[in-house]
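**Q** Protein chains in written order, with our numbering: chain A, 5 to 168; chain B, 151 to 908.
You may find that some hints are simply not true.
Said to hold, decoys possible - Straight-line distance between alpha carbons at most 20 Å, and here's what the computed DMTMM-like set of lysine to aspartate or glutamate pairs gives:
#, chain 1, residue 1, chain 2, residue 2
1, B, Lys172, B, Glu576
2, B, Lys864, B, Glu556
3, B, Lys522, B, Asp449
4, B, Lys714, B, Glu732
5, B, Lys172, A, Asp73
6, A, Lys154, B, Asp843
7, B, Lys172, A, Asp98
8, B, Lys522, B, Asp440
9, B, Lys562, B, Asp854
10, B, Lys602, B, Glu582
11, A, Lys16, A, Asp73
12, B, Lys562, B, Glu550
13, B, Lys171, A, Asp73
14, B, Lys837, A, Glu140
15, A, Lys154, B, Asp846
16, B, Lys864, B, Asp854
17, B, Lys746, B, Glu575
18, B, Lys723, B, Asp774
19, B, Lys888, B, Glu576
20, B, Lys171, A, Asp98
21, B, Lys525, B, Glu573
Hints in this document: simulated from the structure, not taken from any laboratory. Just so it is clear, the structure is predicted and the values come from calculations on it, not from any experiment.
Here's the letter readout for the chains.
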Amino acid sequence: MANNVSLSVNGKSVSASVEANVLLVDFLRDNLGLTGTNIACDTSQCGSCTLLLDGLPVKSCSLLVVQADGCDVITIEGLASETVLHPMQQAFQDNHGLQCGFCTPGMVMAGIGMVERRRAAGSGLPSDEEIRSALEGNICRCTGYHNIVKSVAQGAKTMLQGEG
Amino acid sequence: MSNNASINGGVGSGISHDSTKKHANGTAVYVDDIRVPENALHLYAFPSPHAHAEITAMDLSEVESADGVALVLTADDITGMNDVSPTHSGDDPLLADGKVMFQGQAIFAVAADSLNQARAAAQLAKISFKPLPAILSINEALAQDSFVFTPQVMAQGDAEGELKNAKNTLSGKLNIGGQDHFYLEGQASLVIPQEDGDVLVHCSTQHPSEVQTHVAQVLGVERNAVTVEVRRMGGGFGGKETQASPWAALAAMTAQKTGRPAKMRLVRDDDMIMTGKRHPFQISYEVGFDDAGIVTALDMTLVSDCGHSLDLSRAINDRALFHADNCYYIPNMRVTGLKCRTNKVSNTAFRGFGAPQGMMAIEEVMDQVAQKLGKDPLAVRQANLYNASNNTTHYGMVVEDNVAPEIIAQLKTASNYDKRRAEIEEFNANNEFVKKGIALTPLKFGISFTTKFLNQAGALIHIYADGSVQLNHGGTEMGQGLFTKVAQIVANTLNIDLEHIKITATNTGKVPNTSPTAASSGTDMNGMAAKLAAEKLIDRLRQFAIEHYGVAEGDVKFLPNRVKVGKQTFSFKEFVNAAYMERIQLSATGFYATPKINFDPETGKGRPFLYFSYGASVSEVEVDTLTGEAEVVRVDILHDVGRSLNPTIDLGQIEGGFIQGVGWLTNEELFWNDDGALATHAPSTYKIPTMGDRPDIFNITLFDNENMEDTVYKSKAVGEPPFMLAISTYRAIWQVTKGNLDAPATPEAILKACGEPS
């Protein structure tokens with residue numbers, strides 16, 4: 005049975021009629037052409053499909069579109085203009101925080117989610133250990149995570165203090 | 151930015167790779183991201199529920215009539231050959247024909263308007279099986295003489311005789327587990343039908359030419375009707391060398407039969423169940439040694455579990471044999487390789503390609519010898535190293551570029567090995583349940599494909615009349631930074647900024663008959679081919695200047711981003727345009743075949759490698775002997791990449807390879823149940839390292855060295871070798887358990903090895 009849903013995706017209103025079993029990640033990729041959100045494990049274990057739902061990082065491969073009805077969705081494509089990167093994206097570029105890049109959008113979104121939580125809680129800059137703990141649900145098979153932690157640390161600093 | 155002093159992004163600059171920005175903003179396109187036309191079909195392959203069975207009846211009528219289904223494919227629908235074996239051994243059917251050989255083997259495929267429809271339809275199949283006895287372990291295979299290929303022996307001296315004469319002897323066994331690649335991007339292919347029945351295959355593969363070959367073979371057409379393109383992969387690690395073909399072939403069959411685009415992406419569980427992995431090995435050895443710990447004789451057998459078919463198992467098992475000496479000279483050595491056929495998914499290439507298992511074997515021997523003599527394991531290792539007079543391997547190659555002794559000495563000092571080892575001994579004496587261990591292991595890894603014909607590469611470079619350059623070669627990009635390194639090489643050779651060089655997708659229509667991007671050889675071979683192509687262009691341009699401007703050869707100088715001809719200086723762009731106007735060909739191919747190499751499997755002798763890469767690592771671990779949990783607290787690495795083409799990329803490879811190796815030897819356990827079903831087929835049960843597993847202290851240094859062979863800008867390969875640095879982590883844990891430890895050293899295995907607390 006089709007359901008009518010309305011949600012905001014990267015600041016634009018989207019209304020659609022979707023079957024109840026359609027996953028949010030498939031809807032974004034197949035219907036809206038937003039292919040930056042990747043599918044890797046299909047079972048919400050790896051974090052490649054992480055996006056922000058009402059400001060919080062969620063794994064979109066195990067969330068139905070109907071669950072996102074009325075929500076505000078931000079994907080990797082919604083962070084920045086074509087030319088200027090979001091500070092967290094810029095940090096991954098600056099620090100070689102990736103190799104094959106498949107996990108990167110999820111890492112960036114999870115990193116931003118962590119920083120926003122800290123901003124709301126007033127808890128300041130994260131330590132490397134706090135970054136590792138916050139992003140343990142995002143896996144990378146290429147790097148040893150060193151540059152990812154470095155990237156998130158730089159991104160957090162820029163986001164919270166406005167400097168590189 | 152043009153600069154008169156030097157170019158931007160040349161060889162040696164530590165730039166991040168070319169797609170970094172696109173990865174960060176989500177615009178990098180993988181196969182699954184390519185926009186497909188509305189009428190595209192999506193495929194699902196039905197996996198065998200049995201490890202070994204005869205198919206006695208198959209009724210797919212309900213599958214065919216299910217919602218959205220356009221086509222159902224069985225072995226009978228294959229117009230060409232029903233085989234996708236990489237070495238043409240004929241034992242890798244695309245679709246099962248009458249019998250199944252492993253749990254997960256594709257029996258039939260469904261193409262439907264959506265993947266969900268295809269999957270749902272496949273469940274309606276009515277198949278009857280007559281189960282057959284299945285071989286599910288190395289021991290069962292050995293007992294039944296079940297092998298995929300003949301044994302290989304490599305030997306020097308008289309191992310048997312000298313074992314009898316040895317002052318001390320020891321024998322032992324070691325079981326080593328396999329490993330799933332867990333590339334983040336699963337297997338994926340998209341086939342677009344072309345005119346004349348041709349197909350364009352977008353495929354996530356390390357071996358486009360093999361996918362082309364297999365697709366053509368299955369369709370029953372010549373290879374010129376099949377074009378394979380790969381822009382990038384979301385990780386490969388060897389898992390997309392031979393394992394990409396079946397899915398591309400099924401999609402190509404669908405495209406050919408329906409005229410509609412067809413896509414096949416394996417969901418993770420199917421990917422883990424249906425595709426091959428690293429080979430589990432069983433090692434047994436008998437070693438003879440003197441009181442100083444010098445190994446005088448060694449007889450070792452390396453048995454691999456190849457799964458149901460040959461795939462690349464011959465070369466993989468051989469590479470294990472080639473590395474069973476690691477850095478050590480053993481005058482009387484015999485190593486035998488046995489390749490078992492079991493009813494499991496066919497094991498395949500994975501970073502290291504057998505060498506990790508071979509090195510694990512000899513490093514076990516070193517620790518056993520040291521333990522028996524009560525010596526520092528590092529002292530025993532150092533005493534056995536190749537040196538100037540003892541430098542011939544068991545396969546007859548002379549080790550000419552040995553830097554292992556220097557690397558070990560430098561790392562030993564830099565990591566404070568002696569002091570820390572003493573502190574650890576003290577710590578262990580004062581702590582009953584938590585114990586520490588430290589180990590230093592070296593590595594020597596042979597570079598070149600041991601299958602000689604694969605050591606060839608091609609490149610194609612165009613300079614356009616505006617001075618911009620397009621670069622293509624046979625190597626594929628899987629995140630390792632190959633495309634960037636080769637572009638840096640071309641920038642250097644043409645002496646222009648990197649930003650003018652456009653990197654293009656690997657395409658069988660541009661460079662034909664390519665070898666897989668494997669054996670760590672991607673940069674060595676494709677970089678050299680590209681350099682040769684660029685040099686051809688420079689030669690042509692120089693000749694043009696001499697003739698057109700009437701100057702001597704020495705008066706033409708290619709300076710950064712400009713060309714000096716006599717007293718005139720042109721920008722590269724102006725100069726190239728002038729050459730174009732004078733009808734100079736501005737496109738060139740380059741071809742490289744690795745020199746000096748040969749190996750004769752009959753005699754087990756030769757020079758299979760152009761050179762060796764070296765490295766060493768020290769790991770310190772802390773083990774809770776009551777829970778079996780081990781934590782890697784500190785790692786120090788010193789690694790040889792020759793003259794680094796790009797230190798940022800090389801350090802990333804070293805770090806990533808090491809951590810992947812630690813995963814193999816600690817967390818990552820593949821578990822098959824008694825029916826031959828893989829129980830650990832998702833990341834919920836199969837644990838690759840996460841962010842929290844990184845050692846607290848992790849120092850990586852590049853060893854100052856240059857390749858003594860004539861490699862591209864004196865660099866060395868880096869892809870696989872660092873994986874084997876992780877052996878020090880396993881050896882450090884072993885220092886705590888003092889033996890009885892199979893790999894992976896999971897908490898369960900460690901607890902078992904520690905035994906009951908007294």
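**Q** Each hint should be assessed against the structure and marked as holding or not.
**A** Outcome of the hint check:
1. Lys172/B / Glu576/B: violated, 52 Å
2. Lys864/B / Glu556/B: holds, 19 Å
3. Lys522/B / Asp449/B: holds, 18 Å
4. Lys714/B / Glu732/B: Satisfied, since the Cα-Cα distance of roughly 18 Å is no more than 20 Å.
5. Lys172/B / Asp73/A: The hint is violated at about 29 Å.
6. Lys154/A / Asp843/B: holds, 16 Å
7. Lys172/B / Asp98/A: holds, 13 Å
8. Lys522/B / Asp440/B: Measuring from Cα to Cα gives roughly 11 Å; hence the hint holds.
9. Lys562/B / Asp854/B: holds, 16 Å
10. Lys602/B / Glu582/B: Status violated; Cα separation ~54 Å.
11. Lys16/A / Asp73/A: The hint holds at about 14 Å.
12. Lys562/B / Glu550/B: With Cα atoms ~23 Å apart, Lys562/B and Glu550/B exceed 20 Å; violated.
13. Lys171/B / Asp73/A: Distance ~31 Å between Lys171/B and Asp73/A Cα, so the pair is violated.
14. Lys837/B / Glu140/A: Measuring from Cα to Cα gives roughly 12 Å; hence the hint holds.
15. Lys154/A / Asp846/B: holds, 14 Å
16. Lys864/B / Asp854/B: Holds: Lys864/B and Asp854/B sit about 12 Å apart, inside 20 Å.
17. Lys746/B / Glu575/B: violated, 48 Å
18. Lys723/B / Asp774/B: violated, 65 Å
19. Lys888/B / Glu576/B: It holds: about 17 Å lies between the C-alpha atoms, which stays within 20 Å.
20. Lys171/B / Asp98/A: Measuring from Cα to Cα gives roughly 9 Å; hence the hint holds.
21. Lys525/B / Glu573/B: Judged against 20 Å, a Cα distance of about 16 Å means the pair holds.
In summary, the numbered hints that this structure violates are 1, 5, 10, 12, 13, 17 and 18.
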